[in-house]
Structures are given as C-alpha cells and as structure tokens.
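In the order they appear, the protein sequences are chains Z and W. Positions 1 to 187 (my numbering) are the ones given, in order, by the first sequence. Positions 1 to 187 (my numbering) are the ones given, in order, by the second sequence.
Note that these hints are calculated values from the structure, not bench results. Hints should not be assumed to be uniformly reliable.
Because identical chains share one entry, a pair is satisfied inside a single copy or across any pair of copies.
[Claimed, not checked] Okay, derived cross-link-like pairs now, DMTMM-like style, lysine to aspartate or glutamate, Cα gap no bigger than 25 angstroms in a straight line:
1) Lys51 <-> Glu22
2) Lys121 <-> Glu18
3) Lys121 <-> Glu53
4) Lys51 <-> Glu21
5) Lys51 <-> Glu113
6) Lys121 <-> Glu159
7) Lys51 <-> Glu159
8) Lys121 <-> Asp81
9) Lys51 <-> Glu116
10) Lys121 <-> Glu13
11) Lys51 <-> Glu5
12) Lys121 <-> Asp169
13) Lys51 <-> Asp179
14) Lys121 <-> Asp131
15) Lys121 <-> Asp140
16) Lys51 <-> Asp68
17) Lys121 <-> Glu26
18) Lys121 <-> Glu5
19) Lys51 <-> Asp169
Bear in mind the structure is a predicted one, so any value in this text is a computation, not a measurement.
The lines below spell out each chain.
2 protein chains.
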Amino acid sequence: MGRWEPDARGRLERAAYELFEEHGYEQTTVAEIARRAGLTERTFYRHFADKREVLFSGQAQLNELFVDAVLATPADAAPLDAVAAALAPSAGFFAGRHGHARRRQAVIAATAELRERELIKMAALVAAVADALRRRGVPDPTASLAAEAGIAVFRVAFERWVTAPEDGDFGAILRESLDQLRALASS
Amino acid sequence: MGRWEPDARGRLERAAYELFEEHGYEQTTVAEIARRAGLTERTFYRHFADKREVLFSGQAQLNELFVDAVLATPADAAPLDAVAAALAPSAGFFAGRHGHARRRQAVIAATAELRERELIKMAALVAAVADALRRRGVPDPTASLAAEAGIAVFRVAFERWVTAPEDGDFGAILRESLDQLRALASS
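Given only the sequences and the hints, what does the whole structure look like? Please build it.
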C-alpha cells in the first residue's frame, strides 16, 4: 500500500461489492473490480488472494478473536463460560457494520459456492475453538461439544442480527442466545 | 433391478469402495466402478446420480429418520427432548455398520471435496430438524438452537463411535453426549 494508492483495500472492497450486487458474484472478474476501483489487478492481488477473499477476509480476524479470547479465560472457568467469553469480543467486531454485514449476506445467499464456503469457514471456527479449549486443558468430547454449541449460539445470534432490518445490539443478542441454550439444555 | 442383476446396488457400492481405497476417490471413474462390479454404466446411473452419491445416499435416509422422529414426538415435549428422540433411531441405522462407516470416513477424510460435501449435508440436516421443530410449534430462535445443538451432539457422538477401532453402542454414546451437553449448559 504505497502513498499513491490511498485506501486501496477499502476501494477494492467497495468496488467488489458494487459489482457483485450489480452483475452477480460469478459474473464479476478481478480485472473489473480493479478497474472500478481505479487500481491495477496487481494491486488487487496484493490485498486479496482472489475475489472470494474479499468476502471472507473478516473470517480470519474473527477466528483469531475467538481463539485469543478462549485462551485468555481463567483456567478454572467452566467450558461454556470460556466459549461465552470467546464470543463476547465479536460484538465489538460487528459494531457499526450492520449495513455491510447485510450486503455481504445477500451476496453469499445468492451463490451456492459462497454458501458452501461460509459453512466450511464455520466448521473451521468450531475446530479452532475446540482446539483452544483443549489447549486450556478441557478434555474431549467436552471441548468439541462446547465449541459446537458455542458456534451454534453464534450462528443463531448472527442470523437474528443480520436479518433484522435495523441494527441491533449484537452483544445483547449473543447473551440472549446463550441463555436460550442454557434454558434449552436444562429443560 | 431386473433378475439378471442380483444385488446390483450392493455390488456397485462394494466395487466403488474398493476402487476409492485402491486408487483414490478422484482417480476413480463410474466406468471403472461398473466394470469392477460386472455391470454397465447405465445400471450404475439407475442406482446413483454420480460416484459421490455412492458415499452420500445414506444421508437422505438419515435425514428422513430425524425429521420423522421429531414430528412423532408428543406436542408437549421439551425441544431438546424432541431432538433427543430424533437422534435415537440413528442407533438402529448404524447398528452393524461400524466397519462400513469407518471405510466411508477414511475415503471422505482423504478428499477435500468430500469433506466439504459432508459439512453441507450436516448443515442440511440441521435445517431439516429445525424445520420439523417449527412444524411441531417450537418458535425460533429456539428451534434453530435446539437443532444446532442436537446435530452437534450427533456429530460428536458419531466421531467418537467411528474413530474407535472396535464397534461401540452408538445409542449409548449418543445419550452420553446429550448428557454432556446438558451438564455443559448447566455449569
């Protein structure tokens, strides 16, 4: 990112979303994205591995956020509390991004390949959280179950948040979903 | 399935598994499967849409089993009890199939495309169970959460059962995993 390309990443992202929405994801090429952003293809590839990456680069950050939070919980925390702690920082991650998240969701919903990619990324998130729990000393199968349950809570909460037309408090929705899981399991 | 092709489906399945194990899934063609089974390609396509279907045809049965069981639970059953009831018949489904399940798992684990397909089929299972719960009058997000949690229990139990070198009691492992989820959520 040289001085001659201010906010190249943001410009590429905005151009990609515009084109995905105008022509569809599959019909959009990297060359078109670069052109719309007023940048070169080479610059595009300096920021993203491919056009799909424009939609999924946030997932890696989310993954890191979850894993770091699990590892930071006290050693004597109950597994589900560790998972709850892991989910909490995602509220900050999504703050102010409701409009963006809704646009992203619409692009993904329209393309089978992207819906599948989203599932695969979610499975990777489960595996990463389970692994972090194991590193914190939680044995299996509890680590796997807690991770699966935790990401299930995240998915359900995210779905509620992103499908609502108005921006809601994602952290509050997350806590509510976690309470619902506890209520469900204790009934 | 005419009289001149006794157990065509079983012969095709056995031939496919042999070839997947000998040469790898990607390297195996439908023509080779048919030849090994002593049948024609046309007969193959009468039983399976493609070679991938040989590995995933059981999933449709499982899906039906789960949905029927949810719909058959009493209307006043707690959502997680309905899900527990949905999982129970899968113990019968897998009875006596441990060796087969292990072979299938090994083929799937070796190929990225198949691992992804397995994830997608699991997501479809979650959606089908959530839908059945909604039809039984369970409101969202409880229906989604219960389905996600239930399939998580199923996945963790299946993983334990299939990775064990000796055949175990899948029903017992399922019940144990469900108890672990309850313990997890109540801690």
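Honestly, which of those hints from before does the structure not fit?
Of the numbered hints given earlier, those the structure breaks are 13, 16, 18 and 19, listed in rising order.
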